[in-house]
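Peer 1: Sequence:
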Amino acid sequence: MNHVETLRLEGTRLSAAARAAGLEAPIEHCPGWTVGRLLGHTGKVLQRTNLCVADGLMAPPAEDAFVSLPRDEALFDAFDEILSAICETLGSCDPDAPSWNFSGENFTNGFWQRRMAHEVEIHRWDAQNAAGGAADAFHDASAVDGIDELLTVLMPILSSVKNPTLSSSFHLHCTDTAGEWLTTFVDGQPTTIREHAKGDIAVRGPASPLYAWAWNRVPITTDGLDTAGDASLLDAWASVVP
Numbered sequence: 006m007n008h009v010e011t012l013r014l015e016g017t018r019l020s021a022a023a024r025a026a027g028l029e030a031p032i033e034h035c036p037g038w039t040v041g042r043l044l045g046h047t048g049k050v051l052q053r054t055n056l057c058v059a060d061g062l063m064a065p066p067a068e069d070a071f072v073s074l075p076r077d078e079a080l081f082d083a084f085d086e087i088l089s090a091i092c093e094t095l096g097s098c099d100p101d102a103p104s105w106n107f108s109g110e111n112f113t114n115g116f117w118q119r120r121m122a123h124e125v126e127i128h129r130w131d132a133q134n135a136a137g138g139a140a141d142a143f144h145d146a147s148a149v150d151g152i153d154e155l156l157t158v159l160m161p162i163l164s165s166v167k168n169p170t171l172s173s174s175f176h177l178h179c180t181d182t183a184g185e186w187l188t189t190f191v192d193g194q195p196t197t198i199r200e201h202a203k204g205d206i207a208v209r210g211p212a213s214p215l216y217a218w219a220w221n222r223v224p225i226t227t228d229g230l231d232t233a234g235d236a237s238l239l240d241a242w243a244s245v246v247p
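Heads up, the sequence shown is in the working numbering, so the first residue is 6 and it goes up one at a time.
The set of hints was computed from the structure by calculation and includes no laboratory data.
Note that CB positions come from ideal geometry on N, CA and C, so glycine has one too.
Hints may contain errors.
Said to hold, decoys possible - The following label-pair restraints were derived from C-beta to C-beta distances:
1) Asn221 x Asp181: 18 to 24 Å
2) Asp235 x Val72: 46 to 52 Å
3) Thr196 x Arg76: 39 to 45 Å
4) Asp181 x Glu78: 35 to 41 Å
Construct the entire structure; sequences and hints are all you get.
Peer 2: Printed below as a string of structure tokens:
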């Protein structure tokens with residue numbers, strides 16, 4: 006998949022949904038957040054990435070390097086400018102060139118191309134949900150890649166903080182396209198393999214709702230999703246993923 010084009014498309018959708026919802030609309034799956042906070046958060050994340058990639062930073066950017074974002078309706082245009090800038094930076098960079106990131110490995114621009122595509126598409130879903138009606142489905146290829154990133158890149162960071170004693174295995178299985186993973190936690194540390202294998206619980210369904218469920222955006226009762234195994238582990242999953 007083309008991560009930069011996904012970022013551009015989903016960022017444009019996020020902006021449109023945020024404008025439709027209004028700054029004070031609540032974000033259902035980020036307790037205490039409004040659309041304004043969501044847009045400000047996403048804008049700062051995009052700014053950070055732009056600094057890391059454009060300047061080839063090998064350490065986190067200094068706090069005073071960020072441009073303060075407005076808290077009123079000027080935030081909409083400010084976000085659009087930041088989105089345009091990061092798409093230009095990530096679209097023209099060498100994906101193999103070095104830059105800092107928070108993962109502790111894969112210090113390349115390619116990390117940021119992938120991370121920003123999925124950061125923005127999840128928050129696009131949030132903004133559309135806040136605006137009312139059904140949020141658009143994720144593209145299958147992006148959903149599969151997003152699940153893979155969550156399990157192989159982000160989960161080791163999240164679980165060590167959120168649930169350091171978790172010791173169980175989860176099998177995620179896309180039913181409409183290729184995509185299977187077994188993630189096994191031992192004392193909070195996960196290992197993921199990309200294959201069909203039995204876990205303590207299996208969660209199956211089409212790629213888009215499976216991705217949304219994996220990020221705690223939809224319930225397991227969503228059409229198309231089902232489970233097999235120890236259903237009590239669904240709460241353990243929810244405790245790890247924000």
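Peer 1: All the hints need checking, so say for each whether the structure fits it.
Peer 2: Results for each hint:
1. Asn221 x Asp181: 18 to 24 Å: holds (21 Å)
2. Asp235 x Val72: 46 to 52 Å: holds (48 Å)
3. Thr196 x Arg76: 39 to 45 Å: Holds - the Cβ-Cβ distance for Thr196 and Arg76, about 42 Å, lies within 39 to 45 Å.
4. Asp181 x Glu78: 35 to 41 Å: At roughly 40 Å between Cβ atoms, Glu78 and Asp181 fall inside 35 to 41 Å, so the hint holds.
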